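**Student:** Could you fit the two chains together into a complex? Lean on the hints.
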Amino acid sequence: MKKYATFLWECIRLSFVGDWRYHLWMTLLTLVALLGLHAYCQQLVHGLITTGMTDQVSWGLYIANFTYLVGLAAAAAMLVIPVYIYRNMHLDDVVIFGELLAVAVIVMCLLFVMADLGRPDRFMHLVWRFNFPISMLTWDVIALNGYLLLNLHICGYLIYCAYCRRKPSPVFYVPFVFVAIVWAISIHTVTAFLYVGLGGRPFWNSAIIAPRFLASAFAAGPAFIILTLQIVRRYTRHHVGDDALLTLRRIIQVAMIINVFLLICEVFTEFYTDSAHVASARYLYFGLSGAHALVPWIWTAMAMNALATILLVLPASRGLSWLNLACLLSIIGIWIEKGMGLIVPAFVPTRLGEIVEYFPTPHEIMICLGIWAFGLLLYTIFVRISVPVLAGDLTYDQRYGNLESQAIQGPGQS
Amino acid sequence: MHDFQEEASDSNRSMKSATGDGAGSECSRRGFVVQAAAALAGASALAAALAPLRHFASDDIPTIDEFLQKHYKEMTREDKERVFARIHDAVQKRYGVAPKLLDPPPMDGVEFVYGLNLSRCIGCRKCVHACVQENNLSRSPEIQYIRVLEMEKGSINLETANHHYDPPQVPNPEKYYMPVQCHQCADPPCVKVCPVEATWQEPDGITVIDYDWCIGCRYCEAACPYWARRFNFTEPVLPDGELQPNMAYLSNRPRPKGVMEKCTFCLHRTRVGRLPACVEVCPTGSRKFGNVLDPESEVAYILKHKRIYILKEDVGTIPRFFYYFDERGSRYHEPIAPYTPESDA
Chain A
1 MKKYATFLWE
11 CIRLSFVGDW
21 RYHLWMTLLT
31 LVALLGLHAY
41 CQQLVHGLIT
51 TGMTDQVSWG
61 LYIANFTYLV
71 GLAAAAAMLV
81 IPVYIYRNMH
91 LDDVVIFGEL
101 LAVAVIVMCL
111 LFVMADLGRP
121 DRFMHLVWRF
131 NFPISMLTWD
141 VIALNGYLLL
151 NLHICGYLIY
161 CAYCRRKPSP
171 VFYVPFVFVA
181 IVWAISIHTV
191 TAFLYVGLGG
201 RPFWNSAIIA
211 PRFLASAFAA
221 GPAFIILTLQ
231 IVRRYTRHHV
241 GDDALLTLRR
251 IIQVAMIINV
261 FLLICEVFTE
271 FYTDSAHVAS
281 ARYLYFGLSG
291 AHALVPWIWT
301 AMAMNALATI
311 LLVLPASRGL
321 SWLNLACLLS
331 IIGIWIEKGM
341 GLIVPAFVPT
351 RLGEIVEYFP
361 TPHEIMICLG
371 IWAFGLLLYT
381 IFVRISVPVL
391 AGDLTYDQRY
401 GNLESQAIQG
411 PGQS
Chain C
1 MHDFQEEASD
11 SNRSMKSATG
21 DGAGSECSRR
31 GFVVQAAAAL
41 AGASALAAAL
51 APLRHFASDD
61 IPTIDEFLQK
71 HYKEMTREDK
81 ERVFARIHDA
91 VQKRYGVAPK
101 LLDPPPMDGV
111 EFVYGLNLSR
121 CIGCRKCVHA
131 CVQENNLSRS
141 PEIQYIRVLE
151 MEKGSINLET
161 ANHHYDPPQV
171 PNPEKYYMPV
181 QCHQCADPPC
191 VKVCPVEATW
201 QEPDGITVID
211 YDWCIGCRYC
221 EAACPYWARR
231 FNFTEPVLPD
241 GELQPNMAYL
251 SNRPRPKGVM
261 EKCTFCLHRT
271 RVGRLPACVE
281 VCPTGSRKFG
291 NVLDPESEVA
301 YILKHKRIYI
311 LKEDVGTIPR
321 FFYYFDERGS
331 RYHEPIAPYT
341 PESDA
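So the protein lines, in turn, are chains A and C. Under the working numbering, read the first sequence as residues 1 to 414, first letter to last. Under the working numbering, read the second sequence as residues 1 to 345, first letter to last.
Keep in mind the hints are simulated off the structure, nothing from the lab. Some hints could be false.
Stated by the list, open to error - Only some residues are given here: those of chain C computed to face chain A with a beta carbon under 8 Å:
(1) Leu50
(2) His55
(3) Pro62
(4) Cys224
Predicted model, so just to flag it, every value in this text is computed and none were measured. All residues carry an ideal CB built from backbone N, CA and C; glycine is no exception.
If we strip away everything but chain C, and leave its shape as in the complex, we get (with noise of 0.2 Å):
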C-alpha cells in the first residue's frame, strides 16, 4: 500500500504540483485515481465518437496502392496497367461482370463539336435515360447528364423553363425542348478552378476528369455556368445486371464516392468512330455530333449554313455545343435588293 503510494507520487510530481500544492500522498492518490478515471472517461467518449468509422466497407479504405496512384497524366505505361488490372477486378468483384477497360487516346487532327436542333427536339428523354444506361450512371441516388427543359415559347429564359415536365405524351404543341448538357468549353471555368488539376481539356476538346485524384471540393461545380457537373454525394448504385461493360478509365467506368463526374461526349464511343449514345438514340434526329476540324463533316456544315444559338455566350467559355434551328421559307424567297433611302426617292 505505502509503496504503491509512493510509487503513485513518484510517477506523477508534475501532476501533483500542478493539483495541490504540498498535498499529501493521501490527496495525491485520490488525484491520481480521478485522473486516471478522466482519462478512461476521455478515451471511451473519443473510442464512442469514431465508432461509426466500423461501418467502413472494406473496399472503400483506400489500399496503399490506390493512395499512391498517380495523377493520370502522370502514369507511365506500366502504372497504367497495374491500376487498370485493378480496377478491372475491383468491377469485377463488385459487379460480377468482366469490364473491357480502355484507354482510347484522343485522335489527330479531331475537335468533336455537338449541335443541337431546337425546330426538332420533342423532349422525349430518351437522351437523358441511353445516357443513364451508357455512362453507368448512379441509379440511386438519380445522376443524369443530361436536362431537358420545357420551355415557353417567344422566349429562350431558362428562368420560366419546366424542368420536371410529365405529360403522356410528347410534344406539347404549346412549347418547345431544350437539351442542357456538358457544353465541352474551350475555355472551360470548371477546369481553371480545380486546386488538383483533377479535371482537364483533353486535345480533342473533351473536358475530363481524374475520377481517382479528384479530391471532391465540388468548387468546379460552383464554377459551371451549364450545371454540367454531378457530384457522388454516396456510393454510387447501378441495379444487378445493368453495367455497361466497354468502359474506359476517364469516362463511364463506375465512379467511387466523394468525387465529381460530367459528360465526356462517350469518349469511349467517339474516339473509336462511334457516336454518342445521347446522338444514336435520339428518334428526331436532333442531335449532331462531329469533328468540326473536318470541313465535310455534318457539324461543320451546319455551323457554316444554319442559323446558331449559343446557350449564354455572354459568360464567354466559348463552348463545343451550340443549339440551331431549322429555317423554312427565308432561303426559298427570291433575292431582292435591300431598302435603301435611294431606292425610295
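Bound-form chain A, shown alone (with noise of 0.2 Å):
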C-alpha cells in the first residue's frame, strides 16, 4: 500500500518534471483548458442559453465530439486485437499509448456530457434512479465508465508493475484484455444506438450507423495513434519501430475503404429513394431552402476523406511524411462527417419541417477546446509517466528502496 502511494506520488511529481518545450506544451494546454473552465462557469451561471443550440437543434458541438471521441477511445481495440489475438509482436511495445490513449479520450467524452448537461448538480440522479436497460443513455453511461476503469486497470497495472520491477501476471491482466477489446466495439455501438432507436429521426434511424461508426473509428482511432507515436518517439527515448506504423496503416488503409463503402450505400440509399426523409441528407449535402450552413463542411470532409483513401491505398503512403498527410486528412475529414455531420443534420428541418440553422457561439468552442486541451494534457501525462517508468528508469528501488542511490539518482529525463 505504501509502496503504491509512492507510485502515486511518483507520477505526480514525474507530471511536472520535464524540459522547457515540455513546460512550455503544458503550460499553453492549461491555459486553455482554464479558458474553457471560465467559459463553464459562465455556461453554468447563464444557462446553456450561452451555447447555439435551441429548441430546434437541441444537441450540437458537445454532443458532436462526444460522439467522434467515443471512436477514438474505441481505437485501442485496434491495437490490442493485432497484438493479443494475431501475435503480430510489431506492435507489442505501443499497445499500451492506445490504452492511455482510451483513458484520456473516456475522460474528454464525460467531460463533453457533462458540458451538455442542463442540470450537472443532479449528476447523482443517474445512480438514484437508473433507467436500465430501457433508456440507451444508461447503457452508454455503463459502457463509457466500464470501458475507463478496464483501461485504467490495464495500464495502471502494467505501468506499476514496471514501478516495482515484476512481472506482470498474465493473470491479472490478460483477460481484461480480452473484455476490453469487446467492450470497446461496444461503446461504439452503443452510442450509434442512442441516435439509431429513434423512430422520430429518419435521418439516424438507419441500421447503417453503427457499422459506420466503428469503420471511421477504426480509421480515425489509430490515424490519430500514428501522428501520436511518432511524436513519442521523436521526444521520448521509447523505441517505436516504422513496423508499428505500417501495421496501423494497413488497419487504417481497411477501415477507410469499408467507411466510405458504408457512406457510398448511405448517399445512395438516401438520394435514389429521395422520399420524404431525405430532407435532411439534403441539407446536410445541398442546402435546404437557403438554409446550407453545413454543405461547405461536409464537402471539406468528403474530400479529405477521399484524398485520405486515395492515399492510403497507394504505395506512397508507406512513406511516412504522406501517411503522416493520409492521417491527418482522415482525423479532420471523419471528425467532421461523424461530428457536425451526423449529429446537426437529424435536427434540420424539424420534426415539424421548420428550418432553424444551427451555429456555434464563440463561448461553446471555447468550451470544446478547453475539454480538447485538457484531454491532451492528461494524454501527455500517462506519456510522460509510463515513458521512464516502462523502459525501468524509474523503479521503487532505485527511488526508496536504497537511500544512498537517491540522492545520485535523477528521473528518467526525456
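**Tutor:** Following this line, the structure appears as C-alpha cells:
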C-alpha cells in the first residue's frame, strides 16, 4: 500500500518535470483548459443559452465531439487485437499508448456529456434512479465508465509492475484485455444506438449508422495513434519501430475503404429513394431552402476522406510524410463527418418541418477547445509517466529502496 | 539566511532531485522560488477561470434540501408537504404572489384524449397564448407548447408548412391551419429514452416531468417526433403580475433553468373537472377534450363517427391527440348498392 502511494506520488511529481518544451506545451494546454473552464463557469451561471443550441437544434458541438471521441477511444482495440489475438508483435510495445489514449479520450467524452447537461448538479440522479435497460443513454453510461475502468486497470497495472520491477502476472491483465476488446466495440455500437433507436428522426434511424461508426472509428483512431507515436519517439527515448506504424497503416487502409463504401451505401439509399425522409441529407449535402451552413463542411470532409483513402491505398503512403498527411486528412475528415455531419442535420428541418440552422457560439467553441486541451494534457502526462517507468528508468528500488542511491538518481529525463 | 536555505532544501528534497542532479542549495532556492511562483500563477489562473461563478444568484445554488430531494414517485406525504412548502415560499419570494400549489392525482377510469378539427381551425393562435398564460411559460426567451402551422391545401405536408405566418387577419382562404402540440403518446419515445426516469406516463395518459429530477440532457427532445418538448436554456422570465397562481407540482409551477418542460393537458385543471386552457379559449370550437373511456363523451363520439387523421402514425407512438374533419355531403347521400362486376352485366 505504501509502495502504491509512492507510485502515485512519483506520477504526480513526474508530470511536473521536463525540459522547457515540455513546460511550454503543458502551460499552453493548461491555459486553454482554464479558458474553457472559464467559459463553462459562465455557462453554469447563465445556462445553455450561451451556446448556439435551440429547441429546434437541441444537440450541437458537445454531442458531436462526444460521438467522435467515443470512436477514438474504441480505436485502442485496433492496437490490442493484432497483438493479443494475431500475435503480431510489431505493435507489442505501443499497445499501452493506445490504451492510455483510450483513458484520456473517455475522460474527454464524459466531460463533453457533462458540459451538455442542463443540470450537472443533479448528476447523482443517474445513480439514484437509473432507467436501465430501457434508456440507451444508461447503456452508454455503463459502457463508457466500464471501458474507462478496464483501461485504467490494464495500464495502471502494467505501469505499476514496471515500477516495482515485477513481471506482470497475465492472470491480472490478459482477461481484462480481451474483455476490453469486446467492450471497445460495444462502446461505439451503444453510442450509435443512442441515435439509431429514435424512430422520430429518419436521418439517424438507419441500421448502417453503427457499422459506419465502427469503420470510421477504426480509421480515425489508429490514424491519431500513428501521429502520436511519432511524437512519442521523437521526444522520448521510447522505441517505436516503423513496422508498428505500417501495421497501423494497413488497419486504417481497410477501415477507410469500408467507411467510404458504407458512406456510398447511405448516400445512395437516401438520394435514389428520394422520399420525404431525404430532407436532412439534402440539407447536409446541398442545403435546403436557402439554409446551407453545413454544405462547405461536409464537402471538405468528403474531399479529405476521398484523398486520404486514395493516399492510403497508394504505395506512397509507406513513406511517413505521405502517411502522416493521409492520417491528418482522415482525422479531420472523419471529425467533421462523424461530428457535425451526423448530429446537426438530424435536427434540420425539425420534426415539424421548420428550418432553423445551428451556429456554435464562441463560448461553446471555447469549452470544446478547453476539453480538448485538458484531454491532451492528460495524455501528455500519461506518456510522460509511462515512458521512463516502462523503460525501467524509474523504479521503486531506485527511488526508495536504497537511501544512498536516492541522492544520485535523477528521474528519467526525456 | 542559512537556516532558510536548509529548510527550503530539506522540505523540497524530492523537488530538488527532480529539478537538478546534485544541485547546490543556491540553485535549489531559486528552484523553490520559481516553483512557488508557478504554483501561485497556476492558482490565480484557476481562480480567474472560476470567477464567473460569483454571479450565481443566491437561490440558484441548490440547497441541501433541494439536492437530496427525492423523485416525485418516491416522496411520502410528509416529503411532499415539506417540498411543496419550500416551493411555495420560493415562488412567493420571487414573484410576490402566494401560489396555490396542488398535486391533483389522476382520476380512476379516466384516460384523456384530445381532438382537433382541421375543418374549423382558423389559425388565430389564441390557444398558443392562453397556454402561455395558463402554464406560466417563459416570455423571454419565449417558450410555447403549441405551434400552429399554416398549411398548403392539397396535402398534409409539414415540410411546406409556414410556421411564422403573420397576416392582419385570419384565416387566409387559400390555406388551412394545423396546430401541433404534445400528442401524449401511449407509447412515448421521450419516456423510453430518459436516463433518470424524470419523465413518465400517468395512469390518465398524461406524460409528465418532475422538473426537480430532470438532468437536462435533452435526449427526450431528440426522441420526440412531434417537437413537443421544450428546454429552459436559461432562467425563464415572467412579467410582473402575470404569474398564474393556481399551479400543480407536475404541471404549471415555474420551472427552473436547465430542465425540460412540456404540455400536461393542463392537469391542474383537467384533473379537477375543468377543460385545458387551449380548449376553453378556442373561438371556433375546433378543440375537443375528454375522457375516452366514457362512451358518452364528445371525444368518444368523434372517434366513433368522424374521419380521423393521426399525424405521423407511421412512427408508432399511438398518440392520444388526433385530428378530425367535418363531413358534409357524403353522409346525406341516399344509400345505393356498391359497384360489382355482376351489377354491370
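**Student:** Under the constraints set out in the numbered hints, which ones does this structure not fulfil?
**Tutor:** Violated hints: none at all, because every hint is consistent with the structure.
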